[in-house]
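Number of protein chains: 2
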Amino acid sequence: MAFKVGLLGLGTVGTGTVEILRDPAQRHPLLQELVIHKVGVRSLDKARSLNLSADLLTTDLDAIVTDPEIDIVVEVMGGLEPARSLILKALAHKKHVVTANKAAIARFGDEIFTAASEAGVYVLLEAAVGGGIPVIEPLKQSLCANRINTVIGIVNGTTNYILTRMQTEGGDFGEILADAQQLGYAEADPTADVDGLDAADKIAILASLAFSGRIKLSEVYCEGIRQIGAADIAYAEKLGFVIKLLAIAKRESDQQLQVRVHPTLVPKTHPLASVNDVYNAILIEGDPIGQVMFFGRGAGAGPTASAVVSDILNIAAILKVGRGQVTQADGTPLLDPLLACSHQHYCTIAPMSELVTRFYARFLTQDYPGVIGKLGTCFGDHQVSLESVVQAGIRDGLAEIVVVTHDVREGNFRKALDEIQRMTTVANIASVLRVL
Amino acid sequence: MAFKVGLLGLGTVGTGTVEILRDPAQRHPLLQELVIHKVGVRSLDKARSLNLSADLLTTDLDAIVTDPEIDIVVEVMGGLEPARSLILKALAHKKHVVTANKAAIARFGDEIFTAASEAGVYVLLEAAVGGGIPVIEPLKQSLCANRINTVIGIVNGTTNYILTRMQTEGGDFGEILADAQQLGYAEADPTADVDGLDAADKIAILASLAFSGRIKLSEVYCEGIRQIGAADIAYAEKLGFVIKLLAIAKRESDQQLQVRVHPTLVPKTHPLASVNDVYNAILIEGDPIGQVMFFGRGAGAGPTASAVVSDILNIAAILKVGRGQVTQADGTPLLDPLLACSHQHYCTIAPMSELVTRFYARFLTQDYPGVIGKLGTCFGDHQVSLESVVQAGIRDGLAEIVVVTHDVREGNFRKALDEIQRMTTVANIASVLRVL
Ligand SMILES: NC(=O)c1ccc[n+]([C@@H]2O[C@H](COP(=O)([O-])OP(=O)(O)OC[C@H]3O[C@@H](n4cnc5c(N)ncnc54)[C@H](OP(=O)(O)O)[C@@H]3O)[C@@H](O)[C@H]2O)c1
Ligand SMILES: NC(=O)c1ccc[n+]([C@@H]2O[C@H](COP(=O)([O-])OP(=O)(O)OC[C@H]3O[C@@H](n4cnc5c(N)ncnc54)[C@H](OP(=O)(O)O)[C@@H]3O)[C@@H](O)[C@H]2O)c1
Chain A
1 MAFKVGLLGL GTVGTGTVEI LRDPAQRHPL LQELVIHKVG VRSLDKARSL NLSADLLTTD
61 LDAIVTDPEI DIVVEVMGGL EPARSLILKA LAHKKHVVTA NKAAIARFGD EIFTAASEAG
121 VYVLLEAAVG GGIPVIEPLK QSLCANRINT VIGIVNGTTN YILTRMQTEG GDFGEILADA
181 QQLGYAEADP TADVDGLDAA DKIAILASLA FSGRIKLSEV YCEGIRQIGA ADIAYAEKLG
241 FVIKLLAIAK RESDQQLQVR VHPTLVPKTH PLASVNDVYN AILIEGDPIG QVMFFGRGAG
301 AGPTASAVVS DILNIAAILK VGRGQVTQAD GTPLLDPLLA CSHQHYCTIA PMSELVTRFY
361 ARFLTQDYPG VIGKLGTCFG DHQVSLESVV QAGIRDGLAE IVVVTHDVRE GNFRKALDEI
421 QRMTTVANIA SVLRVL
Chain B
1 MAFKVGLLGL GTVGTGTVEI LRDPAQRHPL LQELVIHKVG VRSLDKARSL NLSADLLTTD
61 LDAIVTDPEI DIVVEVMGGL EPARSLILKA LAHKKHVVTA NKAAIARFGD EIFTAASEAG
121 VYVLLEAAVG GGIPVIEPLK QSLCANRINT VIGIVNGTTN YILTRMQTEG GDFGEILADA
181 QQLGYAEADP TADVDGLDAA DKIAILASLA FSGRIKLSEV YCEGIRQIGA ADIAYAEKLG
241 FVIKLLAIAK RESDQQLQVR VHPTLVPKTH PLASVNDVYN AILIEGDPIG QVMFFGRGAG
301 AGPTASAVVS DILNIAAILK VGRGQVTQAD GTPLLDPLLA CSHQHYCTIA PMSELVTRFY
361 ARFLTQDYPG VIGKLGTCFG DHQVSLESVV QAGIRDGLAE IVVVTHDVRE GNFRKALDEI
421 QRMTTVANIA SVLRVL
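Those sequence lines, one after another, are chains A and B.
Residue numbering for the first sequence follows our numbering, beginning at 1 and increasing consecutively.
Residue numbering for the second sequence follows our numbering, beginning at 1 and increasing consecutively.
Think of the hints as simulated: they come from the structure by calculation, not from any bench.
Careful, some of the hints might be misleading.
Repeated chains share a single entry, so a pair holds when one copy, or any two copies, can fit it.
Below, computed lysine-lysine pairings styled on DSBU-like, alpha-carbon distance capped at 30 angstroms [claimed, not checked]:
{"hint": "1", "residue 1": "K46", "residue 2": "K320"}
{"hint": "2", "residue 1": "K89", "residue 2": "K320"}
{"hint": "3", "residue 1": "K268", "residue 2": "K250"}
{"hint": "4", "residue 1": "K94", "residue 2": "K320"}
{"hint": "5", "residue 1": "K415", "residue 2": "K216"}
{"hint": "6", "residue 1": "K94", "residue 2": "K238"}
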């Protein structure tokens, strides 16, 4: 049997994908039954590292997603449009889809999965989160007996690289970002990474799978790492923490989830604390499995293509054994309930003001004896119980005060901060971070 | 639809399995379509923590595996016989099988998978390695596009617990084993764990999946942790290592694998070095994914039952969508080429003498100036190049000498040791360990 694959995109991931497809030795024998039928790109003139026969390449992507010969469309072009429209059109033409596009899935997952269900085809997306690290398929299949309670991930390699270097070198965010850009670890426009948007896309996808509901991306709280200073890294270190950009999804109650991305103080003994450089890791806590963690490279041509091609093979295996021969009343093939994303309702996400967490905050204040007392009283007035208040030093003639709270309601903490902000003795709230 | 499950065994894992099956809330909805049809045990009189209706329990296990109503047989009784015969009989009666029995699969995998292929049914075994940690399914599905080069695991919780305590407390093997037995972390008869046999079963299974061939268990080299002394842990620590019982499978060439279990010096910076206590982790290195690691609890009722029930659900999902409706010429359902273990040939395992590795060795010798020179010359004569030789101290009036080699052929190293053993100046080769 031969399964025909149409690729949309031949950039980093597309090239990695073709390289695996053309080199099946010592890989799964099913690879030999895959045929690259067409590859869609923007420009036919671009120099390519791969030696592809010219008649495979086309700029007519519409022709790929409607080609009656193609079984599986692989979307590795990225971006929102035309990626979204092409995926929907491929599904309408009853093609299975494999995609690495977290941005499109996080935003248009509802339309895309509804269209897939109606067409009786699969949309697989292992590459969209954690690069090659298996996490989508484990959530769907290997962990399906569990009640998932928490998913916590380091899912953005660029920010983890920057934070790791800030940690080891003691440098400031701006200079290390500039260096990371030079070295190719950060994009020229770093916004999606450093402002946490990419991580937010990914945790929205993971939360949707873990809690079997749809997630409105606009409800995912998202805070990046631009405001982290060398001082915060150093104080955190002294307190026994490292700072990581965490993407967190948590079942708060039967009705509500927390879904959020923000830099977080992580205890050094926590399994995520030692995940450094561009590595990603996803920690899942479920009942009755307890904690499991998945670790590896979250990006790059090889790891990402590993996930893309594995998804293609999983679909080829289904096609081969004729799964989908059982049909529903309207003739649509019945989809595997573990592999399809058939949930329809939206999860309710709790507002951040209701979050209960520990906080770390750093204040610059006038250097006189009553200040710590004033801060303490203000927090107390708002039911914010403190674990420690330390005058850590003097900076620019101001006293630097570091506060760590016990578990408190974020809403209460914010009200106290509002009041502190207005105190004439407080020059600056230099940083506010949550503690895991 | 309802899928009928027959359980063989209601001990630790069986009880955990029933607990999940009876509590589907917030778990995958497919759970609600599973029905426990029969549960086989040894004794009907035994007090059970579960309140199971009496007509479910039976001591007639044969009747379960031949019951025409049962779709899926779950073998969680353990041991070699009658487990093997019951599994084979279940397969002959075209029942899908889920098992947690690493001992039986490592020994009888060839018979069992051949019988499953002939019957056109699946044998799933996620629980057999790493408890709840997804590793079998990722190897079969999520990583299937890769050429796997290495699998290295900490796959035995008991030995990892003992070694971690030896590391943190500085105690000796014997006393910590006794304490571990008291605390329930080690069995009364600890042989299978501390002599590495359980880890050997597991790496044989992982190697078979990673390298798509069968493995003769008798060819798996296996060395336990009884001989590790507090002195070795302390010297390793000074050299920047921790000692872990590693199970290793490696592609040495197109023709040959290494498959081995032994205590190993692991650099403290290695991802496996910080896997402590009863936790397990499996590190897989593949092309093009690079390194990925899976971490979690490798045993216990909850984690193991998570894997067992997930396997049951995976089979139920297949049954539900009617996969297997495409049949071969003889009418047997065609099995999913990713999920079935259809490889027939045996892998060739290289003899240990051909292994190229670094070694650590500790000698007790007479305390006079020429001894280090004699050792060095002897190693040199056998092409064993040394990284360091240190007289580490005096023990019982003897000089304690610690040697670390560069990468050397194990055969050469052993010949040198034979010669050293016979030197009158050398009282004792106190320990020999490999270095990762
Ligand atoms: N790179 C990674 O490490 C990584 C990791 C995980 C997920 N992903 C995801 O994978 C996807 C692809 O990423 P990438 O890094 O491979 O991107 P890339 O290197 O920029 O490649 C994009 C490819 O798509 C083609 N393309 C883009 N827009 C097109 C259009 N409108 N019409 C026709 N062709 C178009 C480009 O054609 P030309 O070649 O002619 O310009 C190029 O071949 C993205 O969704 C990304 O988020 C990437
Ligand atoms: N425990 C773990 O953490 C763990 C982790 C991974 C894998 N596993 C594997 O899971 C399997 C089960 O382990 P377990 O710890 O659950 O064992 P267990 O607690 O000893 O339970 C064994 C069960 O099987 C029944 N049984 C045993 N031999 C029988 C026979 N000949 N006829 C009828 N019933 C028989 C026993 O019946 P009675 O109740 O009447 O005595 C008991 O219910 C083993 O293969 C083990 O290697 C266990």
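Each hint tested on the structure:
1. K46 - K320: neither (36 angstroms within a copy, 47 angstroms between copies)
2. K89 - K320: Intra 24 angstroms, inter 28 angstroms, cutoff 30 angstroms: intra and inter.
3. K268 - K250: within (21 angstroms within a copy, 32 angstroms between copies)
4. K94 - K320: Both: 16 angstroms inside a chain and 21 angstroms across chains, each within 30 angstroms.
5. K415 - K216: within (27 angstroms within a copy, 67 angstroms between copies)
6. K94 - K238: neither (57 angstroms within a copy, 62 angstroms between copies)
Hints 1 and 6 from the earlier list are contradicted by this structure; the remaining hints agree with it.
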